[in-house]
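Engineer: Listed below are the residues making up each chain.
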Amino acid sequence: MEQKQNKLAMISARGTLDWAYPPFILATAAASMGWEVGIFFTFYGLPLLKKDLKASVSPMGNPAMPMKMPFGPKGFQNINWPIPNLITSNIPGFENVATSLMKQTFKSKGVASIEELREMSIDLDVKMMGCQMTMDVFGFTKDEFIDEAEVGGAAAFLAFAADANVSLFI
Amino acid sequence: MSDVKIVKTLDFSGLMCPMPVVKTTKALKELEVNDIVEMISTDPGSIPDMKAWANQTKHELLDSKEEGNGKYRFLIKKTH
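The listed protein sequences correspond, in order, to chains A and B. To convert a position in the first sequence, counted from 1, into our numbering, add 969. To convert a position in the second sequence, counted from 1, into our numbering, add 158.
Please note: incorrect hints may appear among the correct ones.
What the hints assert, rightly or not - No farther apart than 16 angstroms at their CA atoms in a straight line, the calculated lysine to aspartate or glutamate pairs in the EDC-like style are these:
no.	chain 1	residue 1	chain 2	residue 2
1	B	236	B	225
2	A	976	A	1094
3	A	1020	A	1119
4	B	229	B	190
5	B	236	B	224
6	B	223	B	196
7	A	1019	A	1112
8	B	209	B	196
9	A	1019	A	1117
10	B	209	B	188
11	B	236	B	188
12	B	184	A	1085
13	A	1023	A	1084
14	B	187	A	1119
15	B	181	A	1085
16	B	181	B	169
17	A	1020	A	1084
18	A	976	A	1088
19	B	184	A	1088
20	A	1096	A	987
21	B	181	A	1094
22	B	181	A	1112
23	A	1096	A	1117
24	A	1023	A	1094
25	B	187	A	1085
26	A	1072	A	1084
27	B	184	A	1092
28	B	181	A	1132
29	B	184	A	1094
Unchecked claim - Computed, partial: chain B to chain A, Cβ under 7 angstroms:
no.	residue
30	177
31	205
32	211
Please keep in mind that the hints were generated in silico from the structure rather than gathered at the bench. Note that beta-carbon positions come from the ideal geometry of N, C-alpha and C, so glycine has one too.
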């Protein structure tokens, strides 16, 4: 049964609530199956390493996002409200509404929060690395990040990913 | 399956992907080799997921079935 350990290398480049899920879900699932996992956070993925996570979601540029209510009878919850993307993207405060609706919906369906998934990832020894160059560009410092985060550059990620079975850019 | 001795029941009802897989893995770490656990889930994706998980981890999936009432039941043997 001894075979080479599988390995997953991911780049997380988007830090909105919706895009924060895929890397952490895949990381925890893979690590649970005994895979070695590493996530390289760059550009807008960097805030996902912050001690104080504040991921939110915007309907802007996501015209296929369903607009559903997380409360009320099932039939009501299943209604996809036909609000034009032009409106959802432009009303001030709608981003907060959409974020809160998405968080409540996920919670009521039993989906773990990003905070929980990140905790699990740490628990499962998922390697997390911040991109030094984009940290400098956007003004992030290592002490804003969780203690488990390492810092490195493109070469460091590539060296890790070189023998990965699965590599994803998210 | 009536002769197997279940040492622990893990009830992950209400938890969605990837939690049944993650929490099963965590729970197995606390147990002994050859221990058999029962895992209950309400995540319909856990049928294919547990099959894949067993295939990857080499733990043994003794049984995997839909109970009806929205529940899925798995019997898992820790092999290493």
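Engineer: Next step is simple, just say for each hint if it's right about the structure.
Structural biologist: How the hints compare with the structure:
Only pairs whose Cα atoms come within 16 angstroms are accepted, and residue 236 of chain B paired with residue 225 of chain B is rejected, the gap being roughly 23 angstroms. Taking the CA atoms of residue 976 of chain A and residue 1094 of chain A, the gap is about 13 angstroms. The hint holds against a cut of 16 angstroms. Using a Cα cut-off of 16 angstroms, the hinted pair residue 1020 of chain A and residue 1119 of chain A holds, with the two alpha carbons roughly 13 angstroms apart. Between the alpha carbons of residue 229 of chain B and residue 190 of chain B the distance comes to roughly 26 angstroms, so the proposed pair goes past 16 angstroms and is violated.
For the proposed pair residue 236 of chain B and residue 224 of chain B, the alpha carbon gap of about 21 angstroms is over 16 angstroms, so the pair is violated. Proposed proximity of residue 223 of chain B and residue 196 of chain B is supported: the alpha carbons are some 11 angstroms apart, at most 16 angstroms. Distance restraint check for residue 1019 of chain A and residue 1112 of chain A: the Cα-Cα separation of roughly 9 angstroms lies within the 16 angstroms cut-off, and the hinted pair is therefore satisfied. Among the hinted pairs, residue 209 of chain B with residue 196 of chain B is consistent with the structure: their alpha-carbon atoms are about 14 angstroms apart, no more than 16 angstroms.
As the CA atoms of residue 1019 of chain A and residue 1117 of chain A are separated by approximately 11 angstroms, the hinted pair is consistent with the 16 angstroms bound. Distance hint between residue 209 of chain B and residue 188 of chain B is unfulfilled; the C-alpha atoms sit about 21 angstroms from each other, more than 16 angstroms. Proximity of residue 236 of chain B to residue 188 of chain B is assessed by CA-CA distance (about 10 angstroms); at most 16 angstroms being required, the pair is judged to hold. Taken as a hint, the residue 184 of chain B and residue 1085 of chain A pair is honoured in the structure, with Cα atoms around 14 angstroms apart against an allowance of 16 angstroms.
Among the hinted pairs, residue 1023 of chain A with residue 1084 of chain A is consistent with the structure: their alpha-carbon atoms are about 9 angstroms apart, no more than 16 angstroms. For the suggested pair residue 187 of chain B and residue 1119 of chain A, the alpha carbons sit about 27 angstroms apart, so the restraint of at most 16 angstroms is broken. Taking the CA atoms of residue 181 of chain B and residue 1085 of chain A, the gap is about 12 angstroms. The hint holds against a cut of 16 angstroms. Under the criterion of a C-alpha separation no larger than 16 angstroms, the hint pairing residue 181 of chain B with residue 169 of chain B is consistent with the structure, at around 10 angstroms.
A hinted pair counts as satisfied when its Cα atoms are at most 16 angstroms apart, and residue 1020 of chain A with residue 1084 of chain A qualifies at roughly 10 angstroms. Note on residue 976 of chain A and residue 1088 of chain A: the hinted pairing is violated, with a Cα-Cα distance of about 20 angstroms set against a maximum of 16 angstroms. In summary, the hint linking residue 184 of chain B to residue 1088 of chain A is supported, as the alpha carbons are separated by about 13 angstroms, within the 16 angstroms threshold. Using a Cα cut-off of 16 angstroms, the hinted pair residue 1096 of chain A and residue 987 of chain A is violated, with the two alpha carbons roughly 21 angstroms apart.
Straight-line distance between C-alpha atoms of residue 181 of chain B and residue 1094 of chain A comes to about 15 angstroms, which keeps the hinted pair within the 16 angstroms bound. As the CA atoms of residue 181 of chain B and residue 1112 of chain A are separated by approximately 30 angstroms, the hinted pair breaks the 16 angstroms bound. Using a Cα cut-off of 16 angstroms, the hinted pair residue 1096 of chain A and residue 1117 of chain A holds, with the two alpha carbons roughly 8 angstroms apart. Of the pairs offered as hints, the one joining residue 1023 of chain A and residue 1094 of chain A is violated, with about 23 angstroms between alpha carbons and a cut-off of 16 angstroms exceeded.
Distance check on the hinted pair: residue 187 of chain B and residue 1085 of chain A sit about 19 angstroms apart at the alpha-carbon level, beyond 16 angstroms; violated. Taking the CA atoms of residue 1072 of chain A and residue 1084 of chain A, the gap is about 12 angstroms. The hint holds against a cut of 16 angstroms. With a C-alpha separation of about 9 angstroms, the suggested pair residue 184 of chain B and residue 1092 of chain A falls inside the 16 angstroms cut-off, and the hint holds. A hinted pair counts as satisfied when its Cα atoms are at most 16 angstroms apart, and residue 181 of chain B with residue 1132 of chain A does not qualify at roughly 28 angstroms.
Annotation: proposed proximity of residue 184 of chain B to residue 1094 of chain A holds, straight-line Cα distance about 12 angstroms (limit 16 angstroms). Below 7 angstroms, beta-carbon pairs count as interface contacts, and residue 177 of chain B has one with chain A at about 6 angstroms; its hint therefore holds. A hinted interface residue such as residue 205 of chain B counts as satisfied when its beta carbon comes closer than 7 angstroms to some beta carbon of chain A; here the least separation is about 15 angstroms, so the hint is violated. Among the interface hints, the one on residue 211 of chain B holds; its C-beta lies about 6 angstroms from the nearest C-beta in chain A, closer than the 7 angstroms criterion.
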